[in-house]
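Build the full structure now, drawing on both the sequences and the hints.
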Amino acid sequence: MLSPPHATHESPASFPPLGARRTFVIGGILLILAGVIFGDIFAVFVLHQNGARISGSFSAATHAVAMGNAAGVAVAFQNIGDFLESRGTKVDAHVHMIGFGYLALMLALLQPMIALSEIAKKRLAALFLAGAVLLPVGVFLIHYVGLTDSPFAAIGWASIFADLGGVLVFVVGVGEFAGLWRYWRSRTQPAVPDELSRGRSWSSRALLAGGALLVLIGFLHGAYYAGFHLYASEAKDQALVSSMAIGAASNQPLAAARALRDYDQLQVAQAVNVAAHSHIIEFGILAILLGLFQPYVYLSERWKRIWAILLLAGSFILPVFVFMELRWGLVAGGIADVGGLLVVIALFGMLTGILRYTGRLDAANEIVR
Amino acid sequence: MNASKKLLIIGGLALGIWAMGFGLYYAVFIEHQTLDQIGSSLASGFTFAAQRHLPEARAALAASAQGTYVYVRQVDAHGHWIGLAMLLIVLGAAFDRVGFGERLRFFLALGLFVGAVTFPLGVLLETVSRGFGPKFLAIAGSALIIFSLAGIAAGFARASEP
Chain A
0 MLSPPHATHE SPASFPPLGA RRTFVIGGIL LILAGVIFGD IFAVFVLHQN GARISGSFSA
60 ATHAVAMGNA AGVAVAFQNI GDFLESRGTK VDAHVHMIGF GYLALMLALL QPMIALSEIA
120 KKRLAALFLA GAVLLPVGVF LIHYVGLTDS PFAAIGWASI FADLGGVLVF VVGVGEFAGL
180 WRYWRSRTQP AVPDELSRGR SWSSRALLAG GALLVLIGFL HGAYYAGFHL YASEAKDQAL
240 VSSMAIGAAS NQPLAAARAL RDYDQLQVAQ AVNVAAHSHI IEFGILAILL GLFQPYVYLS
300 ERWKRIWAIL LLAGSFILPV FVFMELRWGL VAGGIADVGG LLVVIALFGM LTGILRYTGR
360 LDAANEIVR
Chain B
0 MNASKKLLII GGLALGIWAM GFGLYYAVFI EHQTLDQIGS SLASGFTFAA QRHLPEARAA
60 LAASAQGTYV YVRQVDAHGH WIGLAMLLIV LGAAFDRVGF GERLRFFLAL GLFVGAVTFP
120 LGVLLETVSR GFGPKFLAIA GSALIIFSLA GIAAGFARAS EP
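Taken in sequence, the protein lines are chains A and B. Number 163 in numbering that gives the first Met the number 0 belongs to position 164 of the first sequence; there are no gaps in the numbering. Number 34 in numbering that gives the first Met the number 0 belongs to position 35 of the second sequence; there are no gaps in the numbering.
A couple of the hints might just be wrong.
To be verified - Simulated crosslink set (DSSO-like; lysine-lysine; CA at most 30 Å straight-line):
id, chain 1, residue 1, chain 2, residue 2
1, A, K121, B, K134
2, A, K235, B, K134
3, A, K121, B, K5
Simulated from the structure, these hints should not be mistaken for lab results.
Below, the structure is given as C-alpha cells:
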C-alpha cells in the first residue's frame with residue numbers, strides 16, 4: 000500500500016492524539032466491528048438453535064394442553080420465556096453496539112461545530128464510550144444475572160447498569176447539543192477548517208451514493224412489508240396461537256400440529272423481513288458515514304476503492320441473502336454471513352488506513368516540535 | 000452553513016435526544032411490565048385451555064395479541080425515531096455534496112425531517128387508535144422519507160469530482 004500523495008492537507012489540530020474526534024472515530028469503528036462480529040457469531044451459533052428450542056417448547060405446551068396438564072404448560076412457557084430473553088438480549092446487545100458506533104462517528108463529524116473546551120469534549124467522548132460499552136454489556140448479561148440480589152421486583156443489576164449506560168449516552172447527547180447550540184449562537188466561524196468537508200474522491204462519492212441507495216431500498220422494502228404484509232401477519236399470528244391452544248383442548252391434534260408448523264414458518268418469515276429491512280438501512284448509513292471519513296483513510300486510492308466496493312458488496316449481500324433464507328434456508332444464511340464478513344474486512348481495512356493517518360500526523364507533529 | 004444542512008443536523012440532534020429520552024422512559028417504566036403482561040397472558044391462555052376453560056383461554060390469548068400489537072409499535076416508533084435521527088445528522092453532514100441547488104436541497108431536507116417526525120408518530124398513535132388517522136400519518140411520513148431519499152441519492156450520484 001503506497002502512501003497517498005493527495006492526503007497532505009490535514010490539520011493536526013482537528014485530529015489531535017487522544018482528542019475527542021479521534022476517540023469518537025476509532026471508538027466508533029471498533030464498536031461497529033465488535034457489533035458486526037458479535038452479530039455474525041450470534042447468527043451462526045445461537046439464532047437458529049434458539050429458534051428450534053422455542054418451537055420445541057411451543058410443541059410441548061400444545062401437547063400439555065391436549066393432555067390437560069396445566070403444570071406442563073407452565074414449564075413449557077417458563078422455557079419459552081428463558082429462550083426469548085436469551086435471544087432478545089443478544090439481539091439488543093448487537094443492535095446497541097452498532098448503533099452507538101454510528102452515533103460515535105456522527106459525533107466525530109460534529110466536533111468542529113461543538114463550542115466547548117477541548118477538555119470538556121474529551122470528557123464527553125470518554126463518557127460516551129463508557130456508556131456505549133456499559134449498555135450492551137449490561138443488556139447481554141441480563142439473561143445470565145437475572146434478579147440475583149436485585150433491590151427491585153422486575154429489574155436486575157445487569158438491567159440497572161445497562162440503563163446507567165443509556166443515561167451516560169443521553170447526558171453526552173445533551174452536552175453535545177448544548178455545544179452545538181453555543182456554536183450557532185456565537186456567530187463565529189470554526190477556528191479549524193474541517194478537512195473532512197473537502198473529501199470528494201471516487202471512494203467517498205461511491206460510498207455516499209451507494210449508502211443512500213441502500214437506505215432507499217430498505218425503506219421501500221419496509222413500506223411494502225408494512226403496507227401489504229404486517230397486519231395480515233399479525234392477524235395470522237393471533238389465529239395460529241389460538242388454533243394451537245384451542246385445537247389441542249378440543250381434541251383436534253391435527254389442527255393444532257398444523258397451526259404449530261405454520262406458526263414456526265410465520266415467525267421465520269417475520270424475523271427475516273425485519274432483519275433484511277434493518278440491516279440494509281444500517282449498512283447504508285454506515286456507508287454514508289465512512290464516505291465522509293475517507294480523507295482520514297490514509298491509503299492509496301486503489302485500496303480505498305477496494306475497501307469501498309467490498310463494503311458496499313457486503314452491505315447488499317447480507318440483507319438480500321437474509322431475505323432469501325425463506326427460500327434457500329441455511330445456504331442463503333451462509334452467503335449472508337459471508338456478506339457480513341466482507342463488511343468486517345472492509346471496516347478493518349479502513350480502520351488500518353485511519354490508524355496510519357493518526358501515526359503519520361503524530362510523527363509530523365513530533366518533528367515540528 | 001446553509002439552511003438545509005442546519006435543518007438536518009439540528010433536527011436530527013433534537014429528534015435523537017427526544018428518541019433517547021422516550022426510549023429510556025419506555026425501558027424503565029413500560030417495557031418490562033408490557034413484556035410480563037404479554038408473556039403471562041399467553042401462558043394463561045394455554046393454561047386455561049389445558050383446564051378446558053375455553054372462553055377464558057380465548058380472552059387471555061386476545062389480551063396477549065393486543066399487548067404484542069402495542070409493544071411492536073412502541074418499539075418500532077422508538078427504533079425508527081433513533082434511526083431516522085442518525086440518518087438526518089449523517090445526511091446533514093454530507094448535504095453540501097448533493098448536486099442540486101440550495102432551494103431543492105432545502106425541500107428535500109424538509110421532506111426528510113417532516114417524514115422522520117411523522118412516520119414513527121403515526122406508528123405510535125396506532126396504539127391509541129386503530130382508525131385511519133394514525134395510518135395516514137405513518138404512510139404520508141414514510142412516503143415523504145422515500146421521495147426525499149430518492150432525491151438525495153440522485154443528488155449524490157449527480158455530484159461530480161471538483
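Quick rundown of the hints versus the structure:
no. : hint            : result
1   : A:K121 / B:K134 : 44 Å, violated
2   : A:K235 / B:K134 : 20 Å, holds
3   : A:K121 / B:K5   : 24 Å, holds
Hint violations for this structure: number 1 only, all remaining hints satisfied.
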